[in-house]
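There are 2 protein chains.
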Amino acid sequence: MKTISENRAFGGVQGVYSHPSEATGTEMTFGLFLPEGAEDGRVPLLWYLSGLTCTHENAMVKSGVQRWAAEAGIAVVFPDTSPRGEGVPDNPAYDLGQGAGFYVNATQAPWNTHFRMWDYVTDELPRLLFNTFPLAEPAQAITGHSMGGHGALTIAMSFPGRFRSVSAFAPICNPTASEWGRKQFTAYLGADETQWAAYDASSLMKKRGFDGPILIDQGTSDQFLDLLKPESLATSMSERRQSGSCRMQKGYDHSYFFVSTFIEEHVAFHAAALFA
Amino acid sequence: MKTISENRAFGGVQGVYSHPSEATGTEMTFGLFLPEGAEDGRVPLLWYLSGLTCTHENAMVKSGVQRWAAEAGIAVVFPDTSPRGEGVPDNPAYDLGQGAGFYVNATQAPWNTHFRMWDYVTDELPRLLFNTFPLAEPAQAITGHSMGGHGALTIAMSFPGRFRSVSAFAPICNPTASEWGRKQFTAYLGADETQWAAYDASSLMKKRGFDGPILIDQGTSDQFLDLLKPESLATSMSERRQSGSCRMQKGYDHSYFFVSTFIEEHVAFHAAALFA
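Line by line, the protein sequences give chains E and F.
For what it's worth, the numbering used here labels the leading residue of the first sequence as 1, then goes sequentially.
For what it's worth, the numbering used here labels the leading residue of the second sequence as 1001, then goes sequentially.
Within a straight-line C-alpha distance of at most 35 Å, the following computed DSBU-like cross-link-like pairs (lysine-lysine) qualify: (1) E:LYS62 - F:LYS1250; (2) F:LYS1002 - E:LYS250; (3) E:LYS250 - F:LYS1062.
Listed below are several chain E residues computed to face chain F (Cβ distance under 8 Å; list not exhaustive): (4) SER221; (5) PHE257; (6) SER260.
Think of the hints as simulated: they come from the structure by calculation, not from any bench.
Note that the structure is predicted; figures quoted are calculated from it, not measured.
Backbone N, C-alpha and C define an ideal beta-carbon position, used for all residues, glycine too.
Kindly generate the complete structure, drawing on both the sequences and the hints.
Rendered as structure tokens:
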């Protein structure tokens, strides 16, 4: 593992690190904020999964999450959204290929050689983190924005008991029924739609639900609202009697100004579960 | 004036606007955050001047200032750091030309045709702002980072009575004695050093001081500490018996993580003066 940078922030350290990944076959970069308390012992970990076009850096510099994580005594990890670099397939569209891994394991050429973000985020990166940093594996929570909200919800429901709480900002809620999903799943997973359901939050909610609290925030002026389909997830949550909140926030759009406005409440929500 | 974007943020609006500038002879872009209270009447205004290589956007997306400005009921304006565009002189160095206006009126060719950032920030932009937005002209404060801290300090001391308070993050404190200053002043103002003193915070402090509170934060691990010379300003403040605080913050560097860590305290500092 290489240290790219470490900056003091809010009494803790905002680091950026890279490492060769077996899952993706590339060098992967991630950000990790450690609060001051990590100097004295293991601290809880909040996963922040980012959206389309993002790297590890966007949330790290724009969300303001460190302010609240420092206060609560929680670490935050910011994984990249896809493999990158020479030899890694890409597509001219912003929503396919590099920057658009969709947190799945691709099975179709040419993507299947590197695009294994599910394994990277759920297996390889956690092992690296818990072996390297003072993080408390039993105290994990997960959140994300847009494509990262999709990742947070699907991963949380697929690993029962791993995450105490899950939240999302403007998540892609029903990708199998949206052009933010169908296009990418066809490319990464193939035309057989039965292979897609494991990566659809609304389907997983119907089938499994989540054993903990859920918090979803969605802006009413989001320019991508029709692609996100929060109504599908809300319906599934209601049918399943899933405990959780789906909030429509008046006038907010899809930008990081929306995320930074509500990140304080999301950290407080996760802190309540992590320190329960 | 053109509206580039408006995003709801923290109950208010983060806007980006552009307008043709007489001072610079170019189209100039700025950001303006208006808190919710601006819907009902005029609100105080905090100026945030940015550093080398920055545009209007860096502090707007990275500092997190809006969170605290919204809570206090203060607007924040983010001017650009230089004229830009075709026909505007530039230099391959990051610290001269576009992105490096140093908040001066250049008198030397080729810079003197466009690089009139002093007039832009102290005269033209204020007039535009107070004519266009619900801002309270008698309630202004000013802050900035690095080159923008230099701008904030020199402008605050040059317009007695205009600003209630001034603060800075890692400001260039003594540019006439630093390579962050001598190089640019030679280019913009010429070799006659008597023309430079009006743009040197330590000199102005000796000569005039500031009729209000001053707050300076400086990281002890700042990679540019030798160029910033906070000791010169601290000495001048002490000699003048200027009221104010110069704080050395252990372990912090020159990045926006330093700014975002302490911006909450700077907004509280300005709010105390603006609502006094």
